[in-house]
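Engineer: Here the protein sequences come in this chain order: S and G. Residues in the first sequence are numbered from 1 upward in steps of one, following the working numbering. Residues in the second sequence are numbered from 1001 upward in steps of one, following the working numbering.
Please keep in mind that the hints were generated in silico from the structure rather than gathered at the bench. By construction, the Cβ of each residue, glycine as well, lies at the ideal position given by its N, Cα and C atoms. Just so you know, not all the hints are guaranteed correct.
As the list claims (entries may be wrong) - To give a feel for the contact side, a few chain G residues facing chain S, derived at Cβ under 10 Å:
hint	residue
1	1017
2	1018
3	1022
4	1043
5	1045
6	1048
7	1058
8	1097
9	1104
10	1128
11	1147
12	1158
13	1160
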Amino acid sequence: MVATNGMKRIVIEPVTRVEGHGKVTILLDEKKQVQQARLHIVEFRGFERFIQGRPFWEVPVLVQRLCGICPVSHHLAAAKAMDWIVGGEKLTPTAEKMRRLMHYGQFFQSHALHFFHLASPDLLFGKPGDPLSGFAADVAIRNVIGVAAKFPDLAVQGVMMRKYGQEVILRTAGKKIHGTGAIPGGINKNLSITERDFLLKDIDQMVEWSRSAVKIAKDYTVEHLEKLAPFGSFDSNHLSLIREDGAMDIYHGNLRAIDSVGKKIFDQVDYQRYLDYIGEEVRPWSYMKFPFIRSLGPEKGWYRVGPLARVNTADFIDTPEAEAARKEFMAVTKGKPNNISMAYHWARMIELLHSIERIKELLHDKDLQGTDLVAKGERRDEGVGLLEAPRGTLFHHYRVNKDDQVVMANLIVSTTSNNEPMNRAVAKVAKDHLSGVEITEGLLNHVEVAIRAYDPCLSCATHALGQMPLTVELVDHEGNLVSTRSKN
Amino acid sequence: MPNVIGESRQTAVLLIGYGNPGRQDDGLGPALAAAVERLKLPGVTVDADYQLTVEDAAAAARYDVAIFADADTAGPGPFYLRAVEPDATLSFSTHSVSPAAVMGLARDLFGARTRGFVLGIRGYVFNEFEESLSEKALGNLAAAVRFIESALRSGVFEETPGGTEKPSVTVAAPVSEE
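Looking at chain S on its own, in the form it has when it is part of the complex:
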């Protein structure tokens, strides 16, 4: 623990993985006021070395090893990059729709899990009119079992929605740990009639539950807007992929960035040229890079990604119920971008509804039973694949040599882009709620709630028994450990 510039550091350290852990350092100045917050996330060091020299066609499978939470996102982003390598970026209709089905399935299960089983304990246990009291509710009930006891239907819905999304993935990507559905230039299977009918069986129930989830998130946010609006909030730029007509598109499109009031910074940028628009800053205290919009520079060019950014950047959503929900969402800020951190939850549920509407549409599309699965064209030695992962824009960039071996890989994952925004959110919460120099259970919970709104992925590494999920340390300005608090 090193004190810098007379500041005191308070460390909140979740240790959920052997290497992929994070910790929060809150820097206090000499007057014991919060000056800065730093969320440390240990990235997947060594991945580039792991992948170099491997044949490019193995990459869409290998990259799933990066993350046990969103292997489908890495699988598809890598496949999109490799489409360029084989000149097969113009996919056949069957291939594109199968990939989209896989991707919407991933969105659906990821968003359902986050809302019902991670976020809902924060949201459901507050006192009437005081949502922040829920963040500090008794830990004995502020968990999913507490939700199961008080709101059993919601807890079951969350499990069954997650399960449904996984069923979609299983039928499009294959086995969980060895998904092989997407290959360079296409896919390796279509959707059989039997598989389609299996997925159609529960689709209407999933749509209905998604509709309810949007209502829960909307009612919670609108009812408590006055108190939620300042919680961990700040103005920011927003970035996402966008379709050519301005529609939200989580699988494919061009890059759009807007500022905090909605002014376009750039629009319809071909993501093969992302390096002309996005830079990555290295800071000495973090393994993680800090992406920024080049035209604004590192100081002002950081941006948010994920559900909030996507709803903010989109001109419209092309499924009817999600579009109606988006209009209600945007009305809260009179059509301007919403910069409220806690609004991520509502935006996430709008995307949940969009995903299931899309899945239903796709399941009725006969192209999914097509047999033209792979496109090929002129071989290239470089390719970039971008998509919107559940947590935000995901960049995969590769170069290969004439022997088809990968010689360069560069990835920007969603949580990296949200690195600076999460720091800002934690700093804001700490400034508003830290009292004295002790981390209370309440403050710790508030910090967790602020970070959790962004649904960060801290686990791009291993999972093994024997890890401690949360440790809190208080260190004085001379580097002395004052107190430690752990949560199992």
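Knowing the structure of chain S, use the given hints to seat chain G on it.
Structural biologist: Structure of chain G alone, referenced to chain S:
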């Protein structure tokens, strides 16, 4: 004994091996799952994933016994089998779920009376991207496979603390490739 199951009818068992095969010994769980799947034991359903998730509760609720096989970074070698008591804890912000939480959800959401066990297999190296198990971990895996095969065939699941068997290094079980 409280944590021994032996039933006259065939016991329906779900075995989930989890971990990341791209992170060295973290792949022990999926490797065990692959080895057990190849045995094609009646009444035994095998699954593998990077980590446990909430929907595993819905699956576990349909079985008499759920076994969660995972690498252990510091436990007794070569392996241990412990009963799992249902618990409420979910982790801070990741989507991983503990075996106890899976059992807790199975009980509370689906009324399950499934018995849960953790099969912890000692691993040693985790910090590099490398799709292979260490030599010592391979030995532990082989011992764990022999143990769990016997338990699955007999339908008797008895807790074992580990530390009782020297790791063998003669059997090189493959790492969960299809």
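Engineer: Now, for every hint given, state plainly whether the structure supports it.
Structural biologist: Comparing the hints with the structure gives:
no.	hint	in the structure
1	1017	holds, 9 Å
2	1018	holds, 7 Å
3	1022	holds, 3 Å
4	1043	violated, 21 Å
5	1045	violated, 14 Å
6	1048	holds, 5 Å
7	1058	holds, 5 Å
8	1097	holds, 8 Å
9	1104	holds, 6 Å
10	1128	holds, 6 Å
11	1147	violated, 17 Å
12	1158	violated, 20 Å
13	1160	violated, 15 Å
Consistency note: the structure conflicts with the earlier hints numbered 4, 5, 11, 12, 13.
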